[in-house]
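2 protein chains.
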Amino acid sequence: MDVSANKDVSGDAFAVGVDFGTLSARALVVRVSDGAEAGTAVSEYRHGVIDRELAGADLPPDWALQDPADYTGALAAAIPAAIRDAGIDPAQVIGIATDFTASTCMPVLADGTPLCQLPGLAARPHAYPKLWKHHAAQPHADRINAVAHERGEKWINRYGGKISSEWQFAKALQLLEEDFELYQRADRWIEAADWIIWQLCGTETRNACTAGYKGIFQDGSYPSPAYLAALDPRFVSFAAGKLAHPISPLGARAGGLTPAAAALTGLPAGIAVAVGNVDAHVTVPAAGPVAAGKMVAIMGTSTCHVMNGQQSMNGAELAEVPGMCGVVDGGIVAGLWGYEAGQSGVGDIFAWFARNGVPGEFAGEARQRGVSLQQLLDEKAAAQPVGAHGLIALDWEGGNRSVLVDGRLSGAIIGLTLATTAPEIYRALLESTAFGTRMIMDTFADSGVPVTELVVAGGLTKSAPLMQIYADVTRRPLSVIGSEQGPALGSAIHAAVAAGAYPDVPAAAAVMGRIDRDIYQPDAARADVYDELYAEYVRLHDYFGRGENQVMYRLRAIRDRAWAAREAAR
Amino acid sequence: MDVSANKDVSGDAFAVGVDFGTLSARALVVRVSDGAEAGTAVSEYRHGVIDRELAGADLPPDWALQDPADYTGALAAAIPAAIRDAGIDPAQVIGIATDFTASTCMPVLADGTPLCQLPGLAARPHAYPKLWKHHAAQPHADRINAVAHERGEKWINRYGGKISSEWQFAKALQLLEEDFELYQRADRWIEAADWIIWQLCGTETRNACTAGYKGIFQDGSYPSPAYLAALDPRFVSFAAGKLAHPISPLGARAGGLTPAAAALTGLPAGIAVAVGNVDAHVTVPAAGPVAAGKMVAIMGTSTCHVMNGQQSMNGAELAEVPGMCGVVDGGIVAGLWGYEAGQSGVGDIFAWFARNGVPGEFAGEARQRGVSLQQLLDEKAAAQPVGAHGLIALDWEGGNRSVLVDGRLSGAIIGLTLATTAPEIYRALLESTAFGTRMIMDTFADSGVPVTELVVAGGLTKSAPLMQIYADVTRRPLSVIGSEQGPALGSAIHAAVAAGAYPDVPAAAAVMGRIDRDIYQPDAARADVYDELYAEYVRLHDYFGRGENQVMYRLRAIRDRAWAAREAAR
Chain L
1 MDVSANKDVS GDAFAVGVDF GTLSARALVV RVSDGAEAGT AVSEYRHGVI DRELAGADLP
61 PDWALQDPAD YTGALAAAIP AAIRDAGIDP AQVIGIATDF TASTCMPVLA DGTPLCQLPG
121 LAARPHAYPK LWKHHAAQPH ADRINAVAHE RGEKWINRYG GKISSEWQFA KALQLLEEDF
181 ELYQRADRWI EAADWIIWQL CGTETRNACT AGYKGIFQDG SYPSPAYLAA LDPRFVSFAA
241 GKLAHPISPL GARAGGLTPA AAALTGLPAG IAVAVGNVDA HVTVPAAGPV AAGKMVAIMG
301 TSTCHVMNGQ QSMNGAELAE VPGMCGVVDG GIVAGLWGYE AGQSGVGDIF AWFARNGVPG
361 EFAGEARQRG VSLQQLLDEK AAAQPVGAHG LIALDWEGGN RSVLVDGRLS GAIIGLTLAT
421 TAPEIYRALL ESTAFGTRMI MDTFADSGVP VTELVVAGGL TKSAPLMQIY ADVTRRPLSV
481 IGSEQGPALG SAIHAAVAAG AYPDVPAAAA VMGRIDRDIY QPDAARADVY DELYAEYVRL
541 HDYFGRGENQ VMYRLRAIRD RAWAAREAAR
Chain Y
1 MDVSANKDVS GDAFAVGVDF GTLSARALVV RVSDGAEAGT AVSEYRHGVI DRELAGADLP
61 PDWALQDPAD YTGALAAAIP AAIRDAGIDP AQVIGIATDF TASTCMPVLA DGTPLCQLPG
121 LAARPHAYPK LWKHHAAQPH ADRINAVAHE RGEKWINRYG GKISSEWQFA KALQLLEEDF
181 ELYQRADRWI EAADWIIWQL CGTETRNACT AGYKGIFQDG SYPSPAYLAA LDPRFVSFAA
241 GKLAHPISPL GARAGGLTPA AAALTGLPAG IAVAVGNVDA HVTVPAAGPV AAGKMVAIMG
301 TSTCHVMNGQ QSMNGAELAE VPGMCGVVDG GIVAGLWGYE AGQSGVGDIF AWFARNGVPG
361 EFAGEARQRG VSLQQLLDEK AAAQPVGAHG LIALDWEGGN RSVLVDGRLS GAIIGLTLAT
421 TAPEIYRALL ESTAFGTRMI MDTFADSGVP VTELVVAGGL TKSAPLMQIY ADVTRRPLSV
481 IGSEQGPALG SAIHAAVAAG AYPDVPAAAA VMGRIDRDIY QPDAARADVY DELYAEYVRL
541 HDYFGRGENQ VMYRLRAIRD RAWAAREAAR
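So the sequences go chain by chain: L and Y. First residue of the first sequence: 1, per the working numbering; consecutive thereafter. First residue of the second sequence: 1, per the working numbering; consecutive thereafter.
Hints in this document: simulated from the structure, not taken from any laboratory. Among the clues, some could well be false.
[Unchecked claim] Chain L regions said to be covered by chain Y (calculated; three or more residues, Cβ under 8 angstroms):
hint : region
1    : 379 to 393
2    : 415 to 424
3    : 540 to 551
[What the hints assert, rightly or not] From chain Y, some residues computed to sit far from chain L (all C-beta separations above 10 angstroms):
hint : residue
4    : 22
5    : 70
6    : 112
7    : 227
8    : 233
9    : 246
10   : 249
11   : 448
12   : 462
13   : 468
14   : 480
15   : 501
16   : 522
17   : 524
Even for Gly, the Cβ is constructed at its ideal location relative to N, Cα and C.
Take these sequences, add in the hints, and give me the full structure.
Right under this line is the structure:
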């Protein structure tokens, strides 16, 4: 921690940021005056990702749920532990803010009670929060997109022409069509990002970030009732009935910490609770000064690319980028257009391969050397000359978020020989995600939103070999966020703003954020080889991803049929 | 063994067949009167496949050599052990025959001494036999093909339009261009299949099978000097100088066992030694009655598909099948056109994956259950509904022999998701080889050589799940050869003919060969799903294999450059 033991900090003010990730939540205690990190703690979700079975029954492929009790449980576990780790008096905390995976959304009653917590609904999959990586609503997303284009809905171009199956509307439409009774019982359809704030301050709020990026809130309104009715007549009042609520700007105060939440977290009742936020977007101010063209790639299980563009509202300069996740007024920082793109699977792919594709000898070697299997694979990957594996991979094991926005795509590996080894495939997978990032950056540049600086954040920045690959593939120096807890630090920055310690988020970011510039430099010779490999990636990307050969769709359909037939036979 | 202990066999005549495989040689003692298998023994080659380093120096990618001392060592070890296992008197043996992998060919002196056994040449890679799966002569094969087509050489169509990099001419041309001094020192360039016969009977012979399939011997001659000179002026007298020799029909007597060979093997001097043969082709008579349209697939590390067509010579009915390995007059059985096709990697692919792609938990489970890892994977593959893995693979990890005849192709797996498991990929690989076989059968049928019966032989027939996949994918009943030692039994049949016990190979095959008919039946529902998957296979096969996207070539070139650069930097 930056706050040294031999300095008296008893007079300092602190903010708490809580980052709700895919498998755990992390609380970080940050000094308001300089962003120094005083203490931290993690709480794993008891149920993790619910993607195989629920209440003893198999879930279909592509489902991914969570249990909201894990979220409140994490507040109760991680915050007091982080305060203890910081060695401060809880009374020194002036504000709390959180960030969440998104779109992780859920049906709740008017008082915020999740449907899955109601008697008799514990075994109903649709009663649970659908995690961001729940990909079973693709047919619904397809219809959302087709109908939007048919009707010429203007908002569709704010999302690169495609609404993702991961977002609020697709998941809600799936609920409606697959469990209409539950749809009717849901008074509200809410992001977990906003739901957790509700638990802290007792009031429902809706933040500008999730509303804009995940909820199709553009130019002051949600999609029209006529459009919703065209999707399904029963869906007509979805936005007006289950979503509508004033939108709060990021960094605003949602309310004061309730006595119940104070008891849960050990923090003082009444302190500022900031409005909700998304893990990726909240990280931008944690990387120091806010500037247009500074792309922050938050690299974890998935990667989000977030970047502020030029001034919003009447200042304008809005660009529409094919396949971006969205461009939202004030979506990252109030007053600027916030652009988002992403890759559905990144660290997830590496972890999947380490778990499923690596023979035991490597696990043995890692154990013997006291490193993790992925550290060992990183090292073995780094030792290979660029291109020596003869492989090219498509990074779509978790679908493609940008620039194709297509959850039905899947991964591919080309170039295997009888001499191919697991560490070689691993390197090809690392590279495939770097190619995916380059594809996104190129698409932004082609659309008139050039990336002027590339900053990386998130857990994967710990892998120096991976970072070097990204520098070489993108042919750019890589700056690294100066905190290992970017999202939690970003949340703490928002908490400080909500508590009134700074006038706005950019002012707080300039003081509390941190960046280490140009840590990884591209190597020209390696970049030359990567140019060749990237050309192959682009060609395969377009062949499999832009409709020339929709084999991935068909394989998925055959797979789903096979599983359905097996279920039916039981 | 079939020869029961309580019967007196001391008056029976026996033949010995020796099958030289990729890693070991197997001797089989067979009763001449009925084909009963009396005893067997295996000898592993001490040096196995030499594909990583030779005399302390790294070999380049795609090289695969062997040590000929391992071949004679195997004779000395396996034959006496098989005789002991049979419990017979060696004096009861009336003949010996062998079969070999092909094209495994080598440079030797006029007396048969391999160059690698000469003083000072032990560290020269080109002095060694190049194993069938040595794939480093692809550029030479490319030139062989281009020049043949330019010049309109008629023989090229007897090989599906392409000569493989695995065969005699490509490997010899590589020797010439990469080590001309050794090329000059080689008096003869000979198949290991013929070389081993030379060691047994003291006389050089050349068999119709390897001369035809691997040596471009057609209509009574090798390619012309003018053609050879067009490849390289120094190559002009290659055929006349290093190959030319009368061709012996299969089953003919090459000579009598020399006293030295008798001492080596423990067999009586003077007994009949049959001319050489190839492991695949020799298996056909082991599968019982010889008939046109009966395709025998010998499935091991690779698969050979061999089939007799209609009458040869003036009777004619010769078909030219695109991508077949060859059609040879008397290439399988004297008097019939023998067709050959093949897949470069089959069991090799499964073994590669089991070694390189399967996490330790499965190895642990296999150990615990006392089965091999591949048996366990077979079982887990069999438990999956067809298509449930959502995958399609191209079976080209070892290149493609038929019908594309292209060693520069490589493997591909499409459809990976974060839920994909190793046993699912394993099943996709099993299926990919079945699709490869179906592609070959379809191509034969399209060329007017329909397959009327499919018989499987070789080590992979032990895998019932694999066999069922082949039955379902080809939508045909599968007959299984009635011996676990098809090639060695086939060799013993040839030994019996060479010894005069039968008038010809078909007569011996009808008595000594064995087949279990229609053991695996196709299932219509599974076959329907496979029709869909096969359509995807065909499309990807053509996309990657017929020039539309030569990414596999380019990846290989990038790989080779990367390795060369690393070598140069050392």
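Problem - Hint numbers not upheld by this structure, sorted from lowest to highest - result: none
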